[in-house]
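**Q** Given next are the chains, with one letter for each unit.
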Amino acid sequence: MFVRGLKRKCFDGEEDIEGTLAGIKAIPSYNLQRQSLLDMSLVKLQLCHMLVEPNLCRSVLIANTVRQIQEEMTQDGTWQMINTQSTGQASLDRLVSTDILCRSSRDQAEGKHVPAYGTFNKDFESDQAQDSSETMSAASSVQAPRNLQSSVWEMENPQENKGNFQKSLDQIFETLENKSPNAVEDLFSEVDNSYYDLDTMLTGMMSSTKMGHCDSLESFSSPTNTASNSNCKSDLNDLDHIVEILVES
Amino acid sequence: FLAGFGSLVQDVLWCFSQVKGTIDAGVTESDIISTVEFNHTGELLATGDKGGRVVIFQREQESKNQPHRRGEYNVYSTFQSHEPEFDYLKSLEIEEKINKIRWLPQQNAAYFLLSTNDKTVKLWKVSERDKRPEGYNLKDEDGRLRDPSMITVLRVPVLRPMDLMVEATPRRVFANAHTYHINSISVNSDYETYMSADDLRINLWNFEITNQSFNIVDIKPANMEELTEVITAAEFHPHHCNTFVYSSSKGTIRLCDMRTAALCDRHAKFFEEPEDPSNRSFFSEIISSISDVKFSHSGRYIMTRDYLTVKVWDLNMENRPIETYQVHDYLRSKLCSLYENDCIFDKFECVWNGSDSVIMTGSYNNFFRMFDRNTKRDVTLEASRENSKPRAILKPRKVCVGGKRRKDEISVDSLDFSKKILHTAWHPTENIIAVAATNNLYIFQDKVN
Chain A
1 MFVRGLKRKC FDGEEDIEGT LAGIKAIPSY NLQRQSLLDM SLVKLQLCHM LVEPNLCRSV
61 LIANTVRQIQ EEMTQDGTWQ MINTQSTGQA SLDRLVSTDI LCRSSRDQAE GKHVPAYGTF
121 NKDFESDQAQ DSSETMSAAS SVQAPRNLQS SVWEMENPQE NKGNFQKSLD QIFETLENKS
181 PNAVEDLFSE VDNSYYDLDT MLTGMMSSTK MGHCDSLESF SSPTNTASNS NCKSDLNDLD
241 HIVEILVES
Chain B
1 FLAGFGSLVQ DVLWCFSQVK GTIDAGVTES DIISTVEFNH TGELLATGDK GGRVVIFQRE
61 QESKNQPHRR GEYNVYSTFQ SHEPEFDYLK SLEIEEKINK IRWLPQQNAA YFLLSTNDKT
121 VKLWKVSERD KRPEGYNLKD EDGRLRDPSM ITVLRVPVLR PMDLMVEATP RRVFANAHTY
181 HINSISVNSD YETYMSADDL RINLWNFEIT NQSFNIVDIK PANMEELTEV ITAAEFHPHH
241 CNTFVYSSSK GTIRLCDMRT AALCDRHAKF FEEPEDPSNR SFFSEIISSI SDVKFSHSGR
301 YIMTRDYLTV KVWDLNMENR PIETYQVHDY LRSKLCSLYE NDCIFDKFEC VWNGSDSVIM
361 TGSYNNFFRM FDRNTKRDVT LEASRENSKP RAILKPRKVC VGGKRRKDEI SVDSLDFSKK
421 ILHTAWHPTE NIIAVAATNN LYIFQDKVN
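Protein sequence lines correspond, in order, to chains A and B.
The numbering of the first sequence is the UniProt record's numbering, which starts it at 1 and goes up by one.
The numbering of the second sequence is the UniProt record's numbering, which starts it at 1 and goes up by one.
A portion of the hints provided could be inaccurate.
Sample of chain A residues facing chain B (criterion: CB under 7 Å; computed from the structure) [to be verified]: (1) Val-52; (2) Leu-56; (3) Asn-64.
DSS-like, lysine-lysine: derived pairs with alpha carbons at most 27 Å apart [to be verified]: (4) Lys-250(B) / Lys-44(A); (5) Lys-404(B) / Lys-347(B); (6) Lys-44(A) / Lys-50(B); (7) Lys-50(B) / Lys-122(B); (8) Lys-44(A) / Lys-294(B); (9) Lys-404(B) / Lys-376(B); (10) Lys-404(B) / Lys-44(A); (11) Lys-220(B) / Lys-250(B); (12) Lys-44(A) / Lys-347(B); (13) Lys-420(B) / Lys-44(A); (14) Lys-404(B) / Lys-294(B).
Here are some chain B residues the structure puts well away from chain A; computed CB gaps all over 12 Å [what the hints assert, rightly or not]: (15) Phe-16; (16) Ser-34; (17) Asp-87; (18) Asp-118; (19) His-267; (20) Ser-281.
No lab work stands behind these hints, which were simulated from the structure alone.
Source: prediction; values computed, not measured.
Virtual Cβ for every residue (Gly too), placed ideally from N, Cα, C.
Build the full structure now, drawing on both the sequences and the hints.
**A** And the structure:
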């Protein structure tokens with residue numbers, strides 16, 4: 001039941017004193033555990049829901065926790081440390097991937113090619129044999145808009161495509177490190193948009209984990225799925241508007 | 001009623017009375033009890049479950065022949081209150097789980113209660129029928145239409161006794177007013193209005209009007225990305241129909257007066273305890289989130305439940321609670337694990353006894369705790385089948401935190417976190433409590449000599 005040997009302030013208290021006395025020696029361990037808490041929180045945010053609307057209170061509390069960790073890590077300077085550590089072989093690709101993640105969540109004003117659903121379908125078809133199942137598993141663990149973006153990214157960089165859980169976690173984290181002050185807000189806004197998402201893309205992603213490949217292709221190519229995030233936002237406003245009329249506020 | 005009623009926790013011996021529900025090892029998800037509530041006289045006890053059903057128990061009349069059987073509760077009515085729904089706009093399911101039941105005070109022969117799921121509140125009328133009319137002119141006894149040409153005599157239908165039938169009918173459906181999940185409903189002391197609260201908004205309804213409600217609290221930020229706090233519970237003052245409180249996920253309580261403005265965004269009082277810096281951790285905010293708020297019967301105090309404590313606040317003192325009770329402080333060092341398995345998000349409720357002298361709340365391992373506000377004594381009891389012999393006295397339980405475990409104690413690591421007591425209820429005037437343990441409802445009474 002317990003996470004192994006967690007120490008210091010947020011964790012099992014018995015080893016508190018040791019941690020404090022050990023001073024600098026304890027810090028890497030604390031950082032590791034804080035990192036693990038951050039990862040755990042991000043996973044929880046992403047895995048909130050499938051068929052039923054997620055618990056908003058829980059999501060808000062987890063997002064606040066992520067924000068806290070991020071703030072502390074920024075103050076510590078460890079945020080930068082992790083950033084530099086990750087500049088390994090795939091740094092350029094990571095920048096590219098992050099860029100795509102950012103770009104897809106904004107309007108297409110930048111002019112770069114934003115993969116449309118049609119493109120996605122095409123890529124999907126061509127890589128169906130190898131990647132689709134892995135994409136599906138990635139899809140099940142990441143929420144819809146981000147999921148689409150990350151899946152697209154995987155299509156464009158097949159050598160990067162491990163399609164596993166840890167990968168999608170890294171993508172989320174890259175988003176965080178790329179735009180630190182607003183990262184958590186954006187992360188949460190992504191979470192939130194999907195939460196209220198009128199777009200049946202969400203359904204498409206959800207049902208794609210259950211349906212066969214052909215079915216999910218159909219759901220992607222159906223006209224209702226071509227709404228982008230910005231449409232979702234306006235649909236969200238419409239829904240609020242309707243609710244306001246109903247409650248005559 | 002009883003001398004020393006409720007004044008000394010450990011002088012009240014709680015005995016097992018009844019248990020409702022199946023004994024099967026496997027629990028059907030839909031049978032999990034999600035709310036428990038006595039009505040205002042204590043004659044009726046209602047439960048709601050995850051399958052959307054409401055079961056009402058009625059206390060039998062006390063019999064002089066069997067004084068030790070102090071009014072057992074038997075099933076009075078069972079009905080399907082809510083059905084699962086599908087929100088086509090969002091492509092998401094709406095659970096039929098009954099989040100809350102609140103009774104209306106009885107004003108005639110029928111009983112009325114409000115039951116709610118995440119989105120829709122319903123007003124149910126529960127009434128008895130023990131007579132039926134017989135002798136219609138145009139219909140025969142089976143209900144078939146009679147041939148008018150064969151009717152030669154007119155008669156007046158008469159009411160004849162029949163077996164008692166209890167029927168529940170939905171009288172009002174209050175729908176389409178909540179974008180977010182309803183967590184609370186509360187009947188106002190004017191008995192004409194009630195409120196329903198979701199994560200971000202609170203609406204005020206008139207019982208007679210279903211197509212319109214007033215939004216009285218709205219904490220939704222213009223930009224949802226700025227959302228950091230949600231409403232977790234709300235309740236009307238028991239006597240002042242203009243006053244209500246709502247609690248938040250940041251551990252604060254706001255008291256609002258509806259006379260000041262139509263939209264009560266500015267609170268009249270703001271209750272918050274300053275944070276203890278020595279206890280600060282990444283989980284501080286989560287464990288400070290209030291899962292339940294209840295006015296005392298007197299209306300002078302409010303009680304709040306957060307993850308590890310129960311607090312009593314005086315309405316006249318906003319800067320800190322007047323009493324804090326530790327429910328299961330031994331969990332403080334396990335918060336990371338409880339975060340991992342999501343138990344840290346469990347929403348425990350809390351209740352007052354009839355005289356506001358004892359408060360009760362649930363914990364894990366089917367334990368529940370009572371705190372005597374006067375003597376400051378507390379007791380931990382367990383709802384389990386092992387203690388379920390008729391009139392068996394409940395033995396106090398103890399959780400061992402140190403190294404040496406005594407014979408009757410249970411160590412923290414042995415606690416079963418899947419057995420959580422989230423919902424309990426206390427009879428309005430007597431020492432009778434109802435404790436929901438997953439799919440079983442336990443009723444305990446104090447020992448009668």
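**Q** In ascending order, which of the hints set out earlier in this document are inconsistent with the structure?
**A** Hint check: 5, 8, 10, 14, 17, 18, 20 fail, others pass.
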